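Undergrad: Got chain A; can you put chain B on it based on the hints?
Number of protein chains: 2
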Amino acid sequence: MASTGSRSTNITWHEGHVTRPDRERILGQRGVTIWLTGLSGSGKSTIAVAVEGELVRRGHAAYVLDGDNVRHGLNKNLGFSPEDRTENIRRIGEVAKLFTDAGLIVLTSFISPYRTDRDAVRALMAPGDFVEAYVSASLETCESRDVKGLYAKARAGQIPEFTGISAPYEAPEKPEIVLDTNRQDVAASVAQVVAYLEREGHLHAPSTEASARG
Amino acid sequence: MASTGSRSTNITWHEGHVTRPDRERILGQRGVTIWLTGLSGSGKSTIAVAVEGELVRRGHAAYVLDGDNVRHGLNKNLGFSPEDRTENIRRIGEVAKLFTDAGLIVLTSFISPYRTDRDAVRALMAPGDFVEAYVSASLETCESRDVKGLYAKARAGQIPEFTGISAPYEAPEKPEIVLDTNRQDVAASVAQVVAYLEREGHLHAPSTEASARG
Chain A
1 MASTGSRSTN ITWHEGHVTR PDRERILGQR GVTIWLTGLS GSGKSTIAVA VEGELVRRGH
61 AAYVLDGDNV RHGLNKNLGF SPEDRTENIR RIGEVAKLFT DAGLIVLTSF ISPYRTDRDA
121 VRALMAPGDF VEAYVSASLE TCESRDVKGL YAKARAGQIP EFTGISAPYE APEKPEIVLD
181 TNRQDVAASV AQVVAYLERE GHLHAPSTEA SARG
Chain B
215 MASTGSRSTN ITWHEGHVTR PDRERILGQR GVTIWLTGLS GSGKSTIAVA VEGELVRRGH
275 AAYVLDGDNV RHGLNKNLGF SPEDRTENIR RIGEVAKLFT DAGLIVLTSF ISPYRTDRDA
335 VRALMAPGDF VEAYVSASLE TCESRDVKGL YAKARAGQIP EFTGISAPYE APEKPEIVLD
395 TNRQDVAASV AQVVAYLERE GHLHAPSTEA SARG
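Chains A and B, in that order, give the protein sequences. Using our numbering, the first residue of the first sequence is number 1, and each one after it goes up by one. Using our numbering, the first residue of the second sequence is number 215, and each one after it goes up by one.
In short, the hints are calculated from the structure, not lab data. Possibly wrong hints are sitting among the right ones.
What the hints assert, rightly or not - Derived, one-sided and incomplete: chain A residues facing chain B with beta-carbon distance under 8 angstroms: (1) V18; (2) I26; (3) G59; (4) L74; (5) E94; (6) L104.
If you're wondering where the values come from, they're calculated on a predicted model, not measured in any experiment. Even for Gly, the Cβ is constructed at its ideal location relative to N, Cα and C.
Next up, chain A with everything else stripped away, as it sits in the complex:
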């Protein structure tokens, strides 16, 4: 049996609805969405999973939303038309918002190539809750990795509207975080994201004053 750490019983809320800061104090952190965006093969999923691992190792509640648990579930009734791509990102944004409200540190890993779609998610959330992390790698780098063989298929014309080949990728203009995976390894990107979370106060419970304001 793994032992469970003792919990704070110094909870300040009274009768009535639980608030987000109440949940955050239980978790010892402040909820946030780290929205990873970048080309296929840029390293989004690898970084998302590695950050989740580092956070959980430190005792934090983190969760990855990615194609594996979203495209075959919540968004399985969406295709790849422009409208469906926008709806895909919108739903993911709404779910990330709920997780953030629950106090979790959410990492989303989707190409999300369109600026307007990402900005719409940012607009859903309170300032500071949405953190855009641009996973930057050149098309050449991504294509040379081609872990899933998708670029080869796209070049052969077997995948229509493939981001970077036959469909645009609109890089973020003012991302909170840039992870340049041309130049740095996964560990460096993980350290960069964790340092951001630490600096912005997400790895500690909100203060009682913050709660009173919130």
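TA: This is chain B only, laid out in the frame that chain A set:
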């Protein structure tokens, strides 16, 4: 500043993907969805919020999904046609599944009148992850409460297809929990749900053996 409880550092997972039991050990609980179903006015939301409060007071990570945070967000592009009602419940089920996978104790508060829709959500989840809680109150009781004045409007014909008046409510056949709010107060229903969670092991971290199996 509220003090934060120390966390377990006795985490057994190794390099690689974080698993659900890893997250559950951090949280000191096992994820589950308590799916509250019942007529408008039966007490679903009151019970959901009160259970969340009790769980958070005990140091657990709990979250309520209800009309307030879902109908105006994730499902704001759905209406009340039969197809949209089914899609509404399907999406909520998929989101509850994600929260459960994240290790949280989720309470959903939706009338969800159709057995097939609820059974479809149950089918999405692993056995034991979906707990149907039938919030049972007679139509007379619900109508006499009529907190939002909806029954009066429905009787006046101002709300078409209102569950219990002009649209059916299909009671669960084998719910894991029945909360008879004709006979018991909110505190009794909360105690009943918490006792269920305790009995089924959701209020403790999974054992290492369970993790090895999972």
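Undergrad: Quick one, is the E94(A) hint okay against chain B at 8 angstroms, beta carbons?
TA: holds (4 angstroms)
Undergrad: Less than 8 angstroms between beta-carbons is the criterion; does L104(A) satisfy it with respect to chain B?
TA: holds (6 angstroms)
Undergrad: Just to be careful: measuring from the Cβ of I26(A) to every Cβ in chain B, is the smallest value less than 8 angstroms?
TA: holds (6 angstroms)
Undergrad: Holds or violated: V18(A) as interface residue toward chain B, Cβ cutoff 8 angstroms?
TA: At 5 angstroms from the nearest chain B Cβ, V18(A) passes the 8 angstroms test, so the hint holds.
Undergrad: Under the criterion of a CB-CB separation shorter than 8 angstroms, is L74(A) in contact with chain B as hinted?
TA: OK, holds: L74(A) within 8 angstroms of chain B, min 4 angstroms.
Undergrad: Using Cβ atoms only, decide whether G59(A) comes closer than 8 angstroms to chain B, and label the hint accordingly.
TA: It holds, given that the least Cβ distance between G59(A) and chain B is near 3 angstroms, below 8 angstroms.
Checked against the numbered hints above, the structure violates none of them.
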